[in-house]
Amino acid sequence: MPMTITRRRLLAGSATALALPALVRAQSGVKPRLTVISQWSAGSDGAAITALGKKFEEKGGIWQHSPVPGFTTEMMNKLRAQIMAGDPPACSQLKGPEIAAWSKIAPTVDLDNLVAAAGYEKVVAPDLARLHKPGGNWISLPLQIYSTNMLFLSKRAMDKAKADKIPVTWADFNDLADKMKAGGVAYPVANGGTRPDDGQKFEAALAGISPAAYRAAIVNLDEKALKGAEVKAAFVQVRKIADWMDPNVGAQHFSTNLKRFIEADMGMMIQGGWAQGVLRNAGFKFEDFIIAPGPSDNGKPVFLLNADAFIFWKRNEPDLQAGQTLMAQLVMDPAIQTMYSQITGSIPVRSDVDLSGAGWSDGQRRTAAALKDAVASDQAVLSLAHNMAQENGMTAAMIDVITEYVKNKAMTPEQGVARLSDAVEGAR
Amino acid sequence: MRKLSFEPSRVLIYLVVSLLAAAYLAPLVVVVLNSFRSNQEIAQASMIGWPKQWAWSNYAAAWSGFCVAETCTGIRPYMLNSALVTIPATIISTMLGAVAGYAVSLWRFRGDSWIYGIVTLGLFLPQQMRLLPWTVVLRDIGLINTLTGLVLVHTIQGLSFTTLFCRNYYAAVPHELIRAARIDGAGFFRIFWRIILPLSSPILIVTVIWQFTHIWNEFLYGVTFTTGQQQPVTAALIALSAAIADIPQHGVQSAAVLIAALPTLLVYFFGGRYFVRGLTAGAVK
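Chains as they are written, first to last, in my numbering: chain B, 1 to 428; chain X, 1001 to 1285.
In short, the hints are calculated from the structure, not lab data.
Keep in mind the model is a prediction, meaning the values are calculated, not measured.
Treat the hints with caution; some may be incorrect.
The list that follows gives simulated cross-link-like pairs (lysine-lysine, BS3-like), each with its CA atoms no further than 25 Å apart [unchecked claim]:
no., chain 1, residue 1, chain 2, residue 2
1, B, K314, B, K133
2, B, K31, B, K59
3, B, K179, X, K1052
4, B, K314, B, K162
5, X, K1052, B, K285
6, B, K181, B, K409
Chain X on its own, in the form it takes in the complex (with noise of 0.2 Å):
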């Protein structure tokens, strides 16, 4: 390892990028510290401040206490079916992409780059635009009210992403490859599980990370095209801010918006460091 260096110019740097950090913490310092307080307490002292007395209850609370209207759950299982949504559009689309930005980068055929942007036009298009067409297309199929129906909303929407970001990582891997293999008699299929999945590792966590934290953190499709008792879990966060006659549930607030922030932050950690290791993985050779 490098040792430390004391030049002004370093320690500059990392005073300046200490207090981004801290700058950038200072909301999640105080939603941690609410986490822990009253909400009597928050609403008799201020939004920021050092808990008087650690309620822990609110987590308690957050977990499988508060209630939804007439159900008394707390967030549990509202994460469930944020799970049940989220990993398989994850997987789903994420393969999808794959394969499809496979297809476009390293396969010639006939209105190919038209396939590409017709696909990643959808983009640009506001959610709130594809909300009428989607109402449409669910009631049609019959998934309306469903998780199914959501996964397949979120899988389709996933593909723009998931292919855009699959397409431009496998441009940079080299035709000749593909080629050798062709010419080794290998097919469309082989190619891309024995050569090019193989490579993908990176971009595929690249991907699954966006993918898992965009369907994890959705709501306006979940409030809308779920009901009652299947709502994702943003669903029953926002449940908990919108009371006309009380004091605003800080305190509970905060306990389940962290509590509801931790998958997408175990993927971000887990998946973090694989995808630095993939990114160097052929860096020293």
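Just chain B, same shape as in the assembly (with noise of 0.2 Å):
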């Protein structure tokens, strides 16, 4: 069995890291002990959390977990307090390149020999290992992926535009957009009005007319590119799916409107993979709608990367080391990967994990899919309405522009392209 191998490897870890003094001192006769900090509190992202935690105390550790409700703002406040207290946790949930800008301000734990051990840089998306080793160190850990840009296509829309054929590319998207216009549908795509809502939407479309153009412009703000054909053709197609929006949805939640989605009111609806989750939660049956990859004009899966992560801060104190390295084997433990992803409806960190067996959806499977393909074509990249791909500060100017792209149709693509690349000249 693969998990034995890997159980054995991460043995061959511990032992390794049992080798550097301060560790060996941490695993002597210590209770392993953890504190944490998350904003994972509620419905299933709570229920894995909690989960992990309880895998936590049936290796002997102590788990103690200081949820922060909100926002990432929240918890970052609290993280801020902490270590000026001069008490930050063992660990906490951090994502993105706030990785890095974190890692600035207080010390934090080399993890290079657990993850050496675990072989977890193999089976990790190249662009997603990057943003936890800031130092060239590893110093976080991804936990779960999610992409952010999945096609959900109702299944009665789909029967109104008489249509079967799952769109590859954005010309196929605009087809059936255009036929289920034609159809009856009223708004060929779904919305809602949060923030990441038009940034996903213009996130897909650029990346979905090319990965590279996207990782340059976007994820490097490489000047050239951001002025670039690609980013006007973005425009042009984030004002196309504006426009068949429903342009009444003020700033809601986009689960307000899955009913209309799922009645054909709404054709398609551009989403993360958690949508599956909140599809069935609100019992919805997997047959009223499709899930695929977003369009991708050459044809291959394009996979916009949105991963959860735990940082780990330097303690002192021999008990929170020992849990700082049992968390750190359970993050990377394929079967822990396995048992939060099928919590939350993500997908495992891990490309090594079966997904095959029951317990996983064929949302997840096909997302899963996407991002081997993805990984192997190099067009897994970082999403940006997500926070992956800059700093909260560049993100909201980035998004600031687009959200007032999809709202005042009077912007051209020219205009959105030049106010764009002002954005981000005056937050850098």
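Assembling the complex is the task here: the two chains are given apart, and the hints tell you how they should meet.
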């Protein structure tokens, strides 16, 4: 069984780690303890972190989780307060480029030996791995992945459009939307109105047109790429999408309109993989919708990565150090990732986890397959709308332009391009 | 009592006022209705609608059922935390504000207007700006992650408002009253206790309402300076709202919000009556 081998590897990893004098002290006779801060408190997120805590306790550890309800800012306030108070959590939830930014504020733990022992680096998408070792060493570990550009198709809207082919490219998508409109679907593209919503449409458009241009313009903020033809083409595509959306959706959560999506008042939804869990929990049936990777003009799947991770803060207490080692091992363990993703509806970070068994949904299998293909063709890129591509300030500046573009139909794609690069310049 | 008049202008005024009241109350009606609808029902129909089946269980879940990560206690213990912070902070800050307002309005001393100015400056500092200084203070006195620390924060933050309120109210008290009392041999605190305080119920009630509402509804300090099971009720309410792969828990959320709003509503309800009575006490002579 592959898992036993991994366990053994993990054991070997602990042995390597034990070679470090500090950790020898940490491991000798103390009960591992972990202080954790996360924003996961409600629903499946709360259930998943609770299950992880149980596993930690089963291994003989003491699990001290302090959920910080709310959004990322609240958790960061709490984290900052704890760091300033000289009492950083042994481990805290953090994601994207914020990992690099925060690692400059307080010392972190070097996890290289543990990662090497678990063979983790080989099974993590390269763009994702880079984020978690900002100074060259692993200081944080990704736990689960969502794709932000999955395409959800309403079965009834497909019937109205008399279509049965899942769109692959943006041209197919536009064609299908036109057919839906002609067939009586009032709004071929479903939408919500929260901040990531418009951003997700833009990133899906640009990455689908050219993942390379997306990486250059959005992730690396290359000036030429930001003003390039692909970014303009993305704005053109977003205009089409915006014209197909219901303009009367205010700042609503996308889930508010799920009924309209299922009943073919709205046709297609560009959403994160999590929408599958939302649809299921809202009581809708799998037969009512189809999930596919977002449109990609070169035909190969494009995967916009959104990943949750833990960062490990340096502590001198032996029991906390032992707890960090145990936690790192658990987070990288395929069995733990399986358990976690099956609760939340995400997919595991490890590309070697087998998703064929019961407990996984078709949507998750398709997402994992898309990730594998996207990594193989170097088309797995970091999501802007979900704070994976840029730090918070830069993300906010860019999303502001995109939201205005979606709402203000008088803005031309040329103006969109100019405003976006101005916003980037201003936020730099 | 006066007879109701049916002049056209009166009818128009009532019509407009009723419409405005209806507009203001509409969101509350949605929340109340949703507190009786299951999450699935809301997700499958629409945010606005009449309950198909009355889901009383939302209230049970809100009060003692829902989970914040590992702990499934509903909002009950968090309500207690909020009370443990709000009640002392409200009382202490109101009393200190009354004394301070009395001192700066009715006594002259060197730098009195400066002190008043500096105290009220606190009104203009955004909460976020004070977050880090408070972190340092709480760390140094060892009160970070304690309810006592939170009481201290809210008491001191509240002083700006309570001093301002009381000072403006006492400014209308005739100085002769104080002078007469001093001739009779009363000191600073005796005058406050015997003369000023008995005059103060309207402003004290306004201050208490203000402080209670603000501290009860406060979230940023509550979530930053406490941890886990000590968090205030606002943190528990937010905990219900953030889950990525779930439908928002609108039903339980609505019930929890209504329960959590009860204490402030009660303070308004009872305080408001005294408030009006206090205001009109001297009106008919």
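Going down the list of hints, with the structure as the test:
1. Restraint check for B:K314 and B:K133: the C-alpha separation of about 15 Å stays at or below 25 Å, so the hint holds.
2. A C-alpha spacing of about 10 Å is found between B:K31 and B:K59, which places the hinted pair at or below 25 Å, so the restraint holds.
3. Proposed proximity of B:K179 and X:K1052 is contradicted: the alpha carbons are some 36 Å apart, above 25 Å.
4. Distance restraint check for B:K314 and B:K162: the Cα-Cα separation of roughly 59 Å exceeds the 25 Å cut-off, and the hinted pair is therefore not satisfied.
5. Taken as a hint, the X:K1052 and B:K285 pair is honoured in the structure, with Cα atoms around 21 Å apart against an allowance of 25 Å.
6. A distance of roughly 19 Å separates the Cα atoms of B:K181 and B:K409; the hinted pair therefore holds under the 25 Å criterion.
In this structure, the earlier hints numbered 3 and 4 are contradicted, and the remaining ones agree with it.
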